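These protein sequence lines map, in sequence, to chains V and P.
Counting with the numbering used here, you get residues 2 to 214 for the letters of the first sequence.
Counting with the numbering used here, you get residues 2 to 387 for the letters of the second sequence.
Quick caveat, the hints were computed from the structure, so don't treat them as lab data.
Keep in mind the model is a prediction, meaning the values are calculated, not measured.
Careful: at least some of the hints might be erroneous.
Claimed, not checked - Distance windows between CB atoms, simulated:
| # | chain 1 | residue 1 | chain 2 | residue 2 | range |
| --- | --- | --- | --- | --- | --- |
| 1 | V | Gly197 | P | Gly89 | 47 to 53 Å |
| 2 | P | Gln192 | V | Gly141 | 54 to 60 Å |
| 3 | P | Pro88 | V | Ser29 | 33 to 39 Å |
C-beta: ideal position from N, C-alpha, C; glycine also.
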Amino acid sequence: MIDPKAGADGNLGNKRIDLELIADMVESGSRVLDIGCGTGELLDLLVNRRQADGRGLELSQAGVNACVARGLSVVQGNADTDLSYYPDNGFDTVILSQTLQATQKPREVLREMARIGPQLIVSIPNFGHWRVRAHLALRGRMPETKALASSWYETANIHLCTLLDFTDLCAELDLKVAQCITLTNGRAHQSTQAPGSWKNLTAEQAVFVLQRS
Amino acid sequence: MSDTEQVENGGKNLDGLATVELKNIALQLDSGQILDQITISYRTFGQLNKDKSNAILICHALTLDQHVAGDNPTNGKPGWWSSIVGPGLPIDTDKFFVICQNVIGGCAGSTGPTSMKPDGSGVYGIDFPVITIADMVRAQNLLLDYLEIPDLFCVLGGSMGGMQTLQWAAAHSERVFCAIPIATSARHSSQNIAFHEVGRQAVLADPEFHAGAYQQYDARPRKGLAVARMAAHITYLSETALQRKFGRNLQDRDAVTYGFEADFQIESYLRHQGMTFVERFDANSYLYITRAMDYFDIAADHGGNLSAAFQGTSTRFCVMSFTSDWLFPTSESIALVRALNAAGANVSFVEIESDKGHDAFLLDEPEMFATLDGFLRAAARDRGLS
C-alpha cells in the first residue's frame, strides 16, 4: 500500500475532486472505514461534513501520526494483512482509494472489504487509458504517466488493471457496480452503469461504488 | 461519605496534594485476601467542572508516583510528566481536572509494604498481600467514588500506567470515555517477567533483606535493590541511546585500570542510577509492584481472547508505541490494536520514531505531544468539553 495523498506513486492532480465525490457518496452518519487514508483528507471530510463514524487504516506512519494529530481515528496497518482483524459488517462503507493496485492480493483485499461492509468505494487508476496504451505500443517502454509516475523498477503499483479488468473481478466476487465515476482531464462523469470500452480508453481513473449482491 | 476520614488535608481535596484514609472500606484483592483501612495518596491539578465531566486519571509507571506535575515535595524536582501536564500543555490543566494516585503497594503514601498494619503490630513488610494491576485499579475506583466523580473523561499512562489504563478500559469501561495506553502491553511478556525476576533475586540475595523484615533490623537491602535497578534501567534504554550517550568512553581516566572499578562511563552511570534509586524506593514495594506487572494478562481473564475483554466497549482508544522500545515493543501494541479492532472499538494507533527506548514516553517527544493533543482535542469536542 502506498500513501496516495502524499505525492507518492498514483497521486493524481485532481485528487480533491476524487475525495469530494467519494464524500458525497457516503451516507450521513454512517460507519466508514477508509483503507489507505493517507494524511486524512477524505476521512476529515467524512467525519466533519458527513458526520460519519470514520476510521482509517494507513501504511505510512507519517500519515497515521498526521491523522491522529488532527483528531481522526486511524491505525497503522497494511490492507493485505490487517483487514482480517476487522469484524464482519463492522462498517456500512469501506473505502479504498488509489491503493488496490499497490496491494499484494487485490482480490483478497476486495473480498475482505466486502465482508467488513456491504458497500465498497474503490478508486483506481486506469491502465487501459489511451496514453498508457500508446506509451507501450509506440515506444515499447513501460508507461510513465501523470497517474503512474514511477519507473517500473521502483513503482509501488504492482497490480495495475484496466477498468474492464476491474469490473470483471467485481463480477467474480459478486460485487455489483452501483455507480461509477470516471475522471477525464479533471472532469467527472457519473453513471450507474459499469464503464464500457470507450470509458476504458478515455478515463484516467475511476471511482466505483460496489454493493454485495 | 461518612465512612471515610481525611487524615491530612481535611475535606475532599480537589486542588493539590492529598491523602485520604478509607477507614471502613475493604479492598478485595485478586489473591482472595482483603486489604483493610487503606490509605490513598493522590494529587490533583486544575478544576473539576460543574458536570464533573473533565476528569483525567494519569496512572504512573513502576517506580514513579503521584507527582506527575508541579514539584515533587520529597526532592523538589519537577513532576515526571511536567512537560505534558500543565496550563496550555497537551494535558491542559486549564481545561481538565487531572488526578494522579500513588498505586496500592507503592511507597509514596498509599498503602503498601512500608505501611503500618491496621492492628498496629508493625509495618506490613513481606506480610503485605500480593497485589495485581486490577487491585491497583480497584483502589483508583474507590478514590473516584470518594471524590464523587462518576466517570473519567480520560485514563492514560505509560508502561505499568498503560497496563492500568487497559485494565480500566477492560473492567470499568462505563467509567472511561477515552483511554491512552502508551508503551505498554495487554500482558507482561516472558522476557519482561525474566528481567523482573533477575531484579527480585538481586533484592532477595542481599543479606540486608532479612526475609523482607529489614525495617525491624533498621537495615535496607541497598545493594540488591541497586543491582535490580541497574538491570532494569538497561531495559528502559536502547542500544543506540547508550552508544550515543556513553559509547566506550572512560570515566575520569585516560586508560582502563585492569580492575573492576567503574572504568567506563556507562558503568558509573548505572551505579549512580542504582544508588539514587535506593534512596527513594522501598525494596519490598519493588518486589510487589514488579509481581503485579508479571501477573498482568487481560486476555487470560477472558478465556485467552483479548478482544473479548473489550467487546462492545464505548471507550475510544489511542495506542502509542516507540520504535526503539524493546521492553514493550510495537508488536505488543499491534496485537492490542488488532484485538480492539476485532471488538469494534474506536481505536487510533501511532508508532513514534524515537531512539530513546522505553523511556521515550517520559521524554520530550514532539510526535507524542502532537498525538496526545490531537486525540484529546477531538475527544473533548465529542464529550462537549470545548
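Can you give the numbers of the hints that this structure goes against, from lowest to highest? Those not satisfied come down to hint 1.
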